[in-house]
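A.B. asks: The residues making up each chain are set out below.
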Amino acid sequence: MPGQQVQTFQLPNGLTLLIEPMADVQSAAFSLLVPAGSIYDPPDQAGCASVLVELLLRGAGDLDSQELTNALDNLGLQRGESAERRYVSFSGATLAENLPAALRLYADIVRRPHLPEDQFEAAVAGSEQTLLAIEDEPRQKIMVELRRMCYPAPWGKPSEGSLEGLSNLSMPTVQQHFQRCFRPNESILGVAGNVDPVEIRALVEEVFGDWAVLPEPVYLSGPRGAYRDHIEHESTQTQIGIAFDSVPYRDPDYYSAWAAVGVLSGGSSSRLFTEVRERRGLCYAVYAGLTSSKDDGRVLCYAGTTVERAQETLDVTLQEIRRLQGSILNEELDRCKARAKSSLIMQQESSSGRASSLANDWFHLGRVVTLAEIRGQIEGLTVDRLHAHLEKYPPKDFTILTLGPQPLEVPNAVS
Amino acid sequence: MQFHEARLNNGLQVIAELTKSVYSVGVGFFVKTGSRDETDAVSGVSHFLEHMAFKGNDRFSADDVNRIFDEVGAKYNAATAEELTMYYAAVLPEYLDRTTELLAALIRPALRQDDFDMEKNVILEEIGMYDDQPMFVAYEKMMQAHFEGHPLGRSVLGTKESVSALTSEQMRGYHHDHYLAGNVILAVAGNCEWSEVLELANKYCADWPAGEPGRTVTGHQPHRGTYLIQRETTQQQHVMHQDPAPDAVHPLRAAAELLSVIVGDDSGSRLYWELVDPGYVEGAELTYQEYHGAGVFRTFFNGQPDETEPNLGRVRKVYEKINREGVTEQELAQAKSKVCSRVVLSSERPMGRLESLGNNWIYRNRYQSVAEDLAQIRAVTTAQIRELLAAFPLAQTTTVTIGPKATVAWK
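Residue numbers (our numbering), protein chains in the order written: chain A, 16 to 430; chain B, 13 to 423.
To be clear, the hints were calculated from the coordinates, so they are not data collected in a lab. Hints are not guaranteed to be accurate.
Unchecked claim - Simulated crosslink set (DSSO-like; lysine-lysine; CA at most 30 Å straight-line):
1. A/Lys156 to B/Lys32
2. B/Lys132 to B/Lys153
3. B/Lys87 to A/Lys356
4. B/Lys348 to A/Lys352
5. A/Lys156 to B/Lys329
6. A/Lys352 to B/Lys153
7. B/Lys87 to A/Lys156
8. A/Lys309 to B/Lys87
9. A/Lys411 to A/Lys309
10. B/Lys172 to B/Lys215
11. B/Lys153 to B/Lys172
12. B/Lys329 to B/Lys348
13. B/Lys172 to B/Lys348
14. B/Lys153 to A/Lys156
15. B/Lys132 to B/Lys329
Said to hold, decoys possible - Some, not all, of what chain A presents toward chain B, calculated at C-beta under 8 Å:
16. Pro27
17. Asn28
18. Gly29
19. Ser42
20. Thr145
21. Leu147
22. Asp151
23. Glu152
24. Pro267
25. Glu364
Note that the structure is a prediction, hence the values are computed from the model and not measured. Heads up, the beta-carbon is just placed ideally off N, CA and C, and yes, glycines get one too.
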């Protein structure tokens with residue numbers, strides 16, 4: 016994959032700027048990560064970062080709430096902002112010529128937000144509505160709860176917070192969260208698209224260069240959740256969530272772990288789809304995916320099925336996960352490689368995809384991985400390496416959560 | 013970007029928009045059939061058939077189909093709607109031949125009995141899955157109520173009962189009548205040569221049976237109606253409105269698209285400022301959907317059950333004001349920026365262009381370039397928006413709500 020050039024700049028205040036020019040697109044995109052996510056929420060006020068994000072767009076710099084939204088909309092910016100666990104994340108994509116003006120507005124948003132007190136109630140109400148909406152989406156609810164069980168605190172807790180946390184929250188806490196956490200050191204800005212790196216760099220130095228460094232805030236760590244649980248829920252389907260430990264993105268074994276999960280659930284010829292859906296018709300949706308915080312990797316699996324088929328679905332899914340060890344075939348690995356190759360090449364058609372990968376790589380690795388390097392890593396995988404990985408990190412100690420009208424039996428042998 | 017078109021002797025329409033400036037190529041078969049073309053006896057067959065397509069033909073087994081798509085690293089899927097069934101994939105150019113061969117095989121599936129029996133379970137699971145999603149339940153009820161007596165009121169998924177009762181013979185009959193070459197469009201977007209597209213079309217589709225089932229398109233004037241589905245386990249009250257809007261060939265289509273952004277985009281719109289910004293709802297949006305011979309403005313929002321009546325009133329106020337006063341120049345300019353930027357961003361990927369290419373041909377029998385799309389959006393005036401609102405006022409014509417409430421004071 017020739018031609019991919021990523022430029023990296025470190026501002027003296029610690030902000031990292033990553034730029035990938037893309038000549039074949041008309042658009043440009045950015046991903047800005049500020050290390051102020053929900054892990055820094057006071058434990059009894061979970062949802063603080065989420066409310067802060069609701070408030071950040073309600074006026075900044077010289078613009079009030081409506082003026083700021085109008086200014087972003089006039090640039091045609093397709094945007095998103097959310098509190099994640101480690102970071103508050105801002106992303107946007109638009110025609111390349113509008114990107115510099117958008118970045119100027121974001122400098123105001125992260126450095127000079129008004130955080131209007133009279134909007135606090137509305138922002139809390141918005142966050143509460145988000146939590147209640149998750150309750151009405153069983154497929155989303157189970158994954159939120161599964162994550163809470165299988166990651167240590169605060170990494171497992173939902174970034175949206177909790178209704179209880181929101182009810183304890185006060186405006187001064189939100190302001191403190193902003194003052195304590197929003198800082199250039201450890202912030203990451205990825206920019207990709209039809210941009211001039213010289214111009215972008217000068218602009219970023221101008222609008223972020225004098226942003227003052229702050230000490231890294233502390234957060235409280237805690238234990239993980241239970242290994243088994245059932246949530247009573249009157250619904251047509253039973254939702255099944257299964258998690259087990261794997262390796263994080265920065266681990267040398269990561270690509271082996273990725274491919275092993277790919278064999279399990281990487282395409283429609285993968286094992287879960289074939290055995291659970293195609294051969295037995297047990298469900299419409301079944302999948303597994305590798306997720307990673309900075310220090311911990313987990314494989315999270317999902318299946319949704321009607322009550323009478325739920326037990327068999329759980330049994331077959333677990334059986335397929337356990338069967339992975341020592342059984343992977345060359346052709347299965349080859350298919351993973353083919354899918355990876357095409358995804359990597361197609362990433363070059365998406366400025367927002369690249370901007371987000373740049374920032375994400377920097378967070379996990381402290382460097383940007385080129386598409387050619389990923390391709391090299393993937394081409395270097397062998398069945399033996401995958402088997403060695405599974406020997407070192409065998410799928411075991413499963414966390415199993417069900418949500419539905421009745422609990423399921425978990426065979427003792429799997430724990 | 014270069015556009016090409018041809019028609020095979022059997023009537024298959026081939027269209028392509030080709031460029032060297034992307035890395036991949038999107039290819040898709042758009043079949044002009046969907047739930048509106050069904051009868052009561054086969055409700056849900058279009059969607060079930062779309063699943064059965066992936067079970068392969070005499071040459072490719074179901075396992076082959078799944079395996080080969082993965083071997084070529086395809087990003088692929090299929091979808092069934094009220095008036096369209098599509099099968100599509102994005103691949104690297106060197107795999108276009110193999111992928112087209114496989115997609116073409118999907119269009120003429122074997123429909124084996126044992127596959128049919130097994131896949132029926134998957135469809136029933138899919139129906140179960142949607143039944144647990146309040147907004148989807150509201151959508152089903154909405155289409156049925158708003159289009160009562162009109163083919164667009166037919167459910168895409170069908171019901172547990174209709175799907176359970178469906179036989180493979182009925183599916184064969186439906187396939188025989190609707191999957192005719194004249195009813196299918198082969199669309200290609202991205203990095204390849206037109207000569208290759210033509211060669212592939214001839215190689216894999218020339219022996220398909222000719223014919224075109226046609227579709228009777230009639231207009232529809234919905235009655236005003238309100239529908240309440242009580243579901244005590246639901247936390248929020250989910251509400252949906254539907255109003256008539258321009259159909260797919262109406263000259264005010266672009267105006268309708270822009271109006272939907274001004275009224276109901278997910279941020280910065282009138283509904284956003286009235287309902288989302290103050291925290292009254294989790295989300296509120298209005299979208300414009302075009303069909304053959306009909307169109308709808310569809311509004312949805314979800315919030316605290318106790319706030320349902322005030323929220324209905326807030327939406328009504330937004331609608332009455334815009335019907336009366338139209339939109340401002342500033343709002344329109346802003347909506348144009350948003351829509352133009354979306355058009356450009358989506359056009360950068362062959363899959364984005366493929367969808368636009370196929371839809372334009374299905375609904376309007378014409379090609380429209382990105383530049384033409386943008387020009388059409390930029391040409392809309394506030395006067396046209398007024399004209400649109402005079403013909404298609406926002407009026408909460410049909411309302412469906414699902415949630416814990418036992419009664420709703422509608423007005």
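A.B. asks: Please check whether glycine 29 of chain A passes as an interface residue: C-beta within 8 Å of a C-beta belonging to chain B.
C.D. replies: violated (31 Å)
A.B. asks: Check the hint pairing lysine 87 of chain B with lysine 356 of chain A against an upper bound of 30 Å on the C-alpha distance.
C.D. replies: Status holds; Cα separation ~12 Å.
A.B. asks: Go through the hint on leucine 147 of chain A and say holds or violated, using the shortest Cβ distance to chain B against 8 Å.
C.D. replies: OK, holds: leucine 147 of chain A within 8 Å of chain B, min 5 Å.
A.B. asks: Lysine 329 of chain B and lysine 348 of chain B: Cα distance at most 30 Å?
C.D. replies: holds (24 Å)
A.B. asks: A closest beta-carbon separation below 8 Å is what the hint needs, so does aspartate 151 of chain A meet it against chain B?
C.D. replies: Holds - the Cβ of aspartate 151 of chain A comes within 8 Å of chain B, reaching about 5 Å at its closest.
A.B. asks: Has the given pair, lysine 153 of chain B with lysine 156 of chain A, been kept, meaning a C-alpha gap of at most 30 Å?
C.D. replies: holds (25 Å)
A.B. asks: Does the CB of glutamate 364 of chain A sit less than 8 Å away from some CB of chain B?
C.D. replies: The hint holds - glutamate 364 of chain A has a Cβ within 8 Å of chain B, the shortest such distance being about 5 Å.
A.B. asks: Grab the minimum C-beta distance from serine 42 of chain A to chain B and call the hint holds if it beats 8 Å, violated otherwise.
C.D. replies: Cβ of serine 42 of chain A sits 5 Å from chain B, so the hint holds.
A.B. asks: Decide if the proposed pair is consistent with the structure: lysine 172 of chain B and lysine 215 of chain B, CA atoms, cutoff 30 Å inclusive.
C.D. replies: violated (39 Å)
A.B. asks: Starting from lysine 132 of chain B, check that the Cα of lysine 329 of chain B is at most 30 Å away, please.
C.D. replies: violated (46 Å)
A.B. asks: Under 8 Å, Cβ to Cβ, is where proline 27 of chain A needs to be relative to chain B, so tell me if that hint holds or is violated.
C.D. replies: violated (34 Å)
A.B. asks: Lysine 156 of chain A and lysine 32 of chain B: Cα distance at most 30 Å?
C.D. replies: violated (44 Å)
The structure does not agree with the numbered hints 1, 4, 5, 6, 10, 13, 15, 16, 17, 18, 24 stated previously, though it agrees with the rest.
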